[in-house]
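*Asks:* Spelled out from the first residue to the last, the chains are:
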Amino acid sequence: MNTRAIRGIITVTEKDIRIYYTKAPVLIFGLLFPFFMFIAFYMGRKISFQEFYPGLLAMSLFFTASSVGPLITPWEKSFRTYERLLSFPVTVFTILLGDIAAGMLFGVIVNVVVLGAGLAFTHYSIQYFALILGIILGSFCFSSLGVFLSSFSGRAPSNVMMMSSLVRFPMIFISGVFIPLQGMQGFLKSLAFISPLTYLVDLLNYSLRGGSLLHPVASAGVLVGFSLLFMYCSHLAHKKNLLKGL
Amino acid sequence: MPESIIDVKNLTKKFNDVTAVDDISFSVTMGEIFGFLGPNGAGKTTTIRLLTGTLTPDEGAVSINGIDMLKNPVKAKSIMGIIPEMGNIYQDLTPMQNIVLAGKFYGMPRKELRQKASILLRQFELFERKSVPARTLSKGLKQRINIASALVHNPAILFLDEPMSGLDIQSQRLIRKLITYINSSGATVFLTTHNINEANLLCDRVGIINKGKIVAIDRPEVLRKAYEQTRSVEVSFQELIEITTEINTELINRAEKMGDKWKLYTGNPDSLVKFLCRFAEEKNLTINALEICRTSLEDVFVALTEKRD
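So the protein sequences, as listed, match chains A and B.
Final position of the first sequence in the numbering used here is 246; the numbers increase by one with none missing.
Final position of the second sequence in the numbering used here is 1309; the numbers increase by one with none missing.
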């Protein structure tokens, strides 16, 4: 990757953050979403906060990092700024990497706040390296997923929203967020392993609670693998659908 | 021999079964304003997208200042300023932020970029509004920001796709003036339009494209002269008459109603004028206006694009 490409990624990231992420509704969504998830899935359940929290953090990372990415390309196409973006000396892949970096940064920043809030209420013997790695890789992976989801769209954000919900919501129920992976049986357990969220939950369980089903290196490796797969598929799909909605 | 800055060879682009651009070849000379004319759907936007690297051709090659667009699109794009037809500025950013954002993509140093942005804002009469969100500005002002953003890195070539589309007369005049100024400061300008008058006023040379093929390419005056035989007479009578039914003469090849006037295409304008005067006298009609028209670029355009329909 040359200087020109790095400059392009930074410029796209800066543009995305300035235009799409630093909007009050997006920031409020980012911060309130984990809180509502906490109310919806923790209150009234016979589960300790310490046991519940790694799943909540993973879910929050998943939703925040992949929240805006699916919408950027359809927004740009509907506001007619996308063709202008393509006219700059950058490749489609550079634009995608910029979009991914913006989503990743948003995920990391919001979830540092969520982490701080969570740690104020409970005590863990934290594996710091694994925790930081988990947050970074999780954000990277889910931001890549978000950008991948945007690649099938024309200029109608509503289509992406539907597809995004269709993909993202079922994932939280099969990824060990509510039912520990160790407690899953048969088909459900097999299903859990095709979801990248499962590996983040496991990695965060390791880094906060010390116990995990898989070796943390394996979970980190799978998250990197999923990220690369999403990036590759995004690139192919974006190139194929470049003119759709222009 | 003048040096060419854009070289297009056997360029073809198909969308499923439709051939949008069909084996076209041409060159644009350094420093000229080249107009690409054609009716809607003729292939103008596809061509400009191929030249600027947004689309990849199925066949053929594009060279920009010696750089192969297929092999090195990023390098080729770095010497271009591009204003797509449907391209828009970021509405939430101010004019200054839009121009600065564009400059960052070209790797301009921060200080130089802000200075250049200020110069452009003054030049495009936008400086007073440099800090308001672009969404609050009129379409004409937004188009000025669009052009200013494309000029921030002093491009050697400026591509404009239908730059006057939807603008009022004042904005059109200002943008025409700016394009001439940009060209006089050394940049080559490639613009697509379906507005004949715009091409006639601005361009050193024009290429006419129809159904994906180039049907003519030359200076507007040369094209006009080549089609001099298809001249016309414009006539307007005080009374409303239907010339196509009331006049029957072989002198008129084709008649077009234009508001309260008739445009009559003929191979012999002198005889047609005499015929119309006799006709008016016989029918006791009052002639409001009678004029022999030179072949316009519009006539050439119509002749060339209709011939292939």
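These are computed hints drawn from the structure, not numbers from a lab.
Virtual Cβ for every residue (Gly too), placed ideally from N, Cα, C.
One thing to keep in mind: the hints can contain errors.
[Stated by the list, open to error] Derived lysine-lysine pairs resembling BS3-like cross-links, with alpha carbons at most 30 Å apart:
hint, chain 1, residue 1, chain 2, residue 2
1, A, Lys23, B, Lys1071
2, B, Lys1009, B, Lys1111
3, A, Lys240, B, Lys1009
[What the hints assert, rightly or not] Quick look at which bits of chain B chain A covers, simulated, 3 or more residues with Cβ under 8 Å:
hint, region
4, 1070-1079
5, 1098-1111
[Stated by the list, open to error] Below, a sample of chain A positions facing chain B; criterion: calculated Cβ distance under 8 Å:
hint, residue
6, Thr11
7, Lys15
8, Phe79
9, Arg80
10, Glu83
11, Arg84
12, Val90
13, Phe93
14, Val112
15, Val113
16, Lys240
*Asks:* Determine for every hint whether it applies to the structure shown.
*Replies:* The hints, checked one at a time:
Proximity of Lys23(A) to Lys1071(B) is assessed by CA-CA distance (about 39 Å); at most 30 Å being required, the pair is judged violated. As the CA atoms of Lys1009(B) and Lys1111(B) are separated by approximately 40 Å, the hinted pair breaks the 30 Å bound. Distance hint between Lys240(A) and Lys1009(B) is fulfilled; the C-alpha atoms sit about 25 Å from each other, no more than 30 Å. Counting residues of the region 1070-1079 of chain B whose CB falls under 8 Å from any CB of chain A gives 5; the rule of at least 3 is met.
With a threshold of 8 Å between beta carbons, the proposed coverage of the region 1098-1111 of chain B by chain A holds, since 6 of its residues qualify and at least three are required. Nearest Cβ of chain B to the Cβ of Thr11(A): about 4 Å, under the 8 Å cut. The hint holds. Using the Cβ-Cβ criterion of 8 Å, the hint placing Lys15(A) at the interface with chain B is satisfied: the shortest such distance is roughly 6 Å. Because the smallest distance between the Cβ of Phe79(A) and any Cβ of chain B comes to about 6 Å, under 8 Å, the interface hint for this residue holds.
About 4 Å separates the beta-carbon of Arg80(A) from the nearest beta-carbon of chain B, less than 8 Å, and the hint is met. Given hint, Glu83(A) at the interface with chain B, holds; its Cβ is 4 Å from that chain's nearest Cβ, closer than 8 Å. For the restraint placing Arg84(A) at the interface with chain B, the shortest Cβ-Cβ distance is roughly 4 Å, inside the 8 Å limit, so the hint holds. Residue-level restraint check for Val90(A) holds (minimum Cβ-Cβ distance to chain B is 6 Å; threshold 8 Å).
With a cut of 8 Å, the hint placing Phe93(A) at the interface with chain B is violated, because the nearest CB-to-CB distance is about 11 Å. Residue-level restraint check for Val112(A) is violated (minimum Cβ-Cβ distance to chain B is 26 Å; threshold 8 Å). With a least beta-carbon distance of about 24 Å to chain B, the hint placing Val113(A) at the interface is violated under the 8 Å criterion. Here the hint on Lys240(A) is broken, as its CB sits about 12 Å from the closest CB of chain B, past 8 Å.
In summary, the structure is inconsistent with hints 1, 2, 13, 14, 15 and 16 from the numbered list given earlier, while agreeing with the others.
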